[in-house]
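Novice: Read off the chains here:
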Amino acid sequence: MDATSAAHAAQHHAPPTSFIRKHVFSLDHKVIGKQYYALALVAVLTGMVLSWLMRIHLGWNNAAIPGLQFLSANGAPAGKMTPEYYLELMTMHATIMVFFVLTTAPFAAFGNYFLPIQVGAEDMPFPHFNMMSFWTTFVAFCVLISVFFVGDGPPLSGWTAYAPLSAIGKVAGPGQGTGQVLWATAIGIFCIGQLLGALNFISTVLDMRTKGMTLARLPVTAWAWFITSCMGLTAFAVLMPACVLLILDHVAGTSFFVASGLVINDQLLPHSGGSTLLWQHLFWFFGHPEVYIAIVPGMGIITHVLITNMRRPMLSMKAILYSLWALAFLSYMVYGHHMFVSGMNPFSSLAFSFPTLMITIPSTILVLIWIGSLYGSKLRINSASLFALGFVSMFVSGGVSGFFLAQPSIDIMLHATYFVVGHFHMVMGVAAMFGIFSGTYFWFPKMTGRMMNETLGKVHFWLSFVGTYCIFMPFHYLGWAANVRRFASFTDDFLKPLIPLHQFITVAALFTGAVQLIFIYNLIHSRFKGAPAPDNPWEGTSLEWSMPSPPPWNNFGGKDPVVYHDPYQYGVKTSTGADYVMQNSPEQIATGGD
Amino acid sequence: MAKLLALTIIVIAIASAVPVVMHTWEAPADVSTHGHLIDEQMSETMIEAGVSFLAAQIILAIFIWKFSSFHTDGKTRTFPGGAKGLVIAALVLVGAEVLALGAFGVKAWATVYFIPPSADALPIQVQAGQFAFYFRYPGPDRKFGALHPELINEANQNFFGLDPEHDPDARDDIVTAEMAIPVNQEIHLLMHAKDVSHSFYVPALRIHQDFVPGLDLSVHFTATKIGKYEIVCSQLCGLGHYSMRAYLSVMSREDFNDWLKKEAALQ
Amino acid sequence: MATTIQEPPKAEARRIPTRNSGNGGWRNPVPADGNLLEVEEYSPPPSSSAIWVGIAAITMSFAAFTSALIVRQGSSTDWRHITLPSVLYLSTLVLLVSSVTLEIARRRVATFMGGLKSQVASPGRWLYITLSLGLLFVAGQYMAWLQLRSKGLYLATNPNSSFFYVFTAVHALHVMGGLGGLVRVISKLSRSVLRRSTLDATSYYWHFMGALWLYLFLLLRMKL
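Chains as they are written, first to last, in my numbering: chain H, -8 to 585; chain E, -15 to 251; chain F, 60 to 283.
Derived by calculation from the structure, the hints in this document are not laboratory data.
All values derive from a computational prediction rather than experimental measurement.
Please note that the accuracy of each hint is not assured.
[Said to hold, decoys possible] Once the Cα atoms are required to be at most 25 Å apart in a straight line, the calculated DSS-like pairs of lysine-lysine come out as:
hint, chain 1, residue 1, chain 2, residue 2
1, H, Lys309, H, Lys564
2, E, Lys209, H, Lys369
3, H, Lys449, E, Lys50
4, H, Lys449, H, Lys520
5, E, Lys209, H, Lys487
6, E, Lys59, H, Lys564
[What the hints assert, rightly or not] So the derived list for chain E, only partly shown, Cβ under 10 Å to chain H, looks like this:
hint, residue
7, Val167
8, Cys221
9, Phe240
No residue lacks a Cβ here, since even glycine has one placed at the ideal position from N, Cα and C.
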């Protein structure tokens, strides 16, 4: 490099000095990743508290929850939750969890931090867009939370916001005026943030790989983030128009989603000609890829964690990658399985059910490869690997309920019941959370330079593993017994006998929620008092383990790393006696150098 | 610790399966003509899902147990057949399994949705609105009067917006708050949404269909057992969603005719 | 893409260096056997693939709006044909001409930046012309709105008018983003820090706005 270009480069990459530039409006992907993680942490605690309130109300319908009246005087007079407030809390719980936890933590938080490092880059190609993507997401979160304090409360139409309930305004119910419009605005802003993020991720993988880093040498986590970004790009680009049209129906008197001749409170609504099902098609075209956006990064993370802890590569990385791509591709063809009895043409229902059944195949391949790779391995047990194994177990449990829901004839019985709620909480909620936990225990030493407390980590795992099974497995039994979902109370004759099971679930939920405080304590305590971490505590091979813990502001110290090997050279004979070769090590190995 | 994890996974897997095998919580007994096809499909799927679930969890547990002692000098071994065998197993076995489920399930779905109602099905209209179901029988002229949404007036009990003064077809329509049908009689249920999306779900009848504002759909079914069943709304429709229900009484033909006469007198 | 610009005769294009990394980029793949001697030291800047990613996202959005239009048209009987405001024909022409002027601008700027400063008097002139045409297009869209309003067709009057306003407004918003990009290019050019990749990316985006408008214009003409 000549003198001008070196100077130019230096100017571009001068380290930040002011507090604002270092910690607030930072261009450094590592800081942005940590900011996303912090946002997801706040979001998950909020979402969890909301779920506690919901569960207490379901188990003990008439109980007064002390203090709830301060959150909403109308929603919970003297602490007793009204049915509308239950639905509002439910809507916010789901919206916060799906968008600000499951899309944010595994993808935006870990991806922002580690993707540039894993491809050997100094930063993402568009740091300003990256910074904007975080702050846009942050603004979206603020707008979303504001619904608790504005107008007559949050919307009650669920995170799915089906029209016309969500489109006709205040007449539909409390929270459906200002609350619904703010909700749609927040989600629209969120879409913009994610699109900016996806842009950066895709460009990083395509154009920022260092010398020797072919696509075939990318760690599985990098692939997972890349595949997720491709899905995000197309899915969020469809949700945003849907939100725009919904807002227009509210504030501009249009009728995109509201049909003619509808009457509420004896008043004929002014809308005409809109299509109820149009909202569902637009929403689920986004919604189904969204659930894969939530889980694919977690799959990448636990694959990466398991390989490092098994001291051997997966049986076939190709099978894993093709399966992840197949999941992404098929995810666009299956969305109608959310609409089997929606009034859509019954032929379409059958048409959607076949790719839905087919999507079992790549999921099965992944599970079989994960389990099959354990055979003959040298599995190390630590907090990260425990959560990775827990992910596999949870994904199996949540996945087999998909066999039922993929068939329209069975969906006749199980649609809109707790069976669906159990399915998605296990396969997406808990599994993705376990992926986040696994990634945290694994990468915390690199991000902070300190080790987390292993004992607390193991206690966290055991209690969470058993606890989440106690919460969500019974949901399936409730579903088989035809327990309809989104009910604030169970007053139907056939539902009253199920209340004891609901109470059991509530106790399990409160307990498991409390257990998460162990994790929070571990995070905070270890951040300041944890044992100093070596550069490579897990003896990993990918590029993040070749740098100091924590990494310097310019990742590789201003030099480009050079990559000689694929990322999973474990179980090999080396000159130093170690059983692994790092990607950037020039050492040639006798068996399988590449 | 690995062995404990393995044991825990096995215990959880078996414990999860117990309530299913013991039928502790299950759907109400089927009282419809088409329901057995759905129930058969459900049992089929239960077996396949159950076997897959137990096998996967138990094998996961066994592998965790066996392969977690860390010998620094031992070599790793590969699963016999490597990835190839597993991928082929997934493609062929699981592929065949899901295709079979899909193919066999078409019959149950087709019976509900692709076969039109027979000519002597009894037409009944149901209207879903926040937060109640109302039903309408066509009366002796066998014709339903037209709906005029602007005439809907709950206080005057004109739930459907009928105009009996100007519409002769509407004069003998019978509007009720609960649904009664004769046993072993095919019913052609015409579904109309008054305000937002709702759904008509009768678990015992194996019937589940959303109401779509702007789209008038129908389903048909035949009940085979006399009794009282609950119709619940299963599509979130507002704050009263949890309490939106109606009762469906399946009666003998004589009882039904009496009931209908009584309701007609109350109009 | 990169080869459409006429190569400046003989003078060696001055390479403005990009970030330190990226030598394994997708247009500069490292051979599978890892023979690093075959890797060039310079790989294309990321904005050249990034702009296509952005264009893909915008395309998906308009695809969603299009499907909303098609479904909405099919779902009811209240579709009322509207005649497109006549000013739209003019503004379409203006936008297409602006793509031509942008291409002229690109060649001149490339020659200028390539070192042949003497051959190009004011390299920014055609950029300014493009910018003006772009502003004229947006003004034309606004006039189209006024023309519709004078016929009593507002956003919520009927579904046709709703879609007209939504499509033209969303497109115009994106065009204004493109105008911002052009301003940025002009500013960088005047300070001599304009990179080829920035100019290229902005141009692809601008041409996409033209192509997208052509599609929308035909769609609105056919469907509304």
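Novice: Taking the hints in turn, state whether each one holds.
Specialist: Going down the list of hints, with the structure as the test:
no.	hint	in the structure
1	H/Lys309 with H/Lys564	holds (24 Å)
2	E/Lys209 with H/Lys369	violated (60 Å)
3	H/Lys449 with E/Lys50	holds (20 Å)
4	H/Lys449 with H/Lys520	holds (18 Å)
5	E/Lys209 with H/Lys487	holds (23 Å)
6	E/Lys59 with H/Lys564	holds (10 Å)
7	Val167	violated (20 Å)
8	Cys221	holds (6 Å)
9	Phe240	violated (22 Å)
The structure shown violates the earlier hints numbered 2, 7 and 9.
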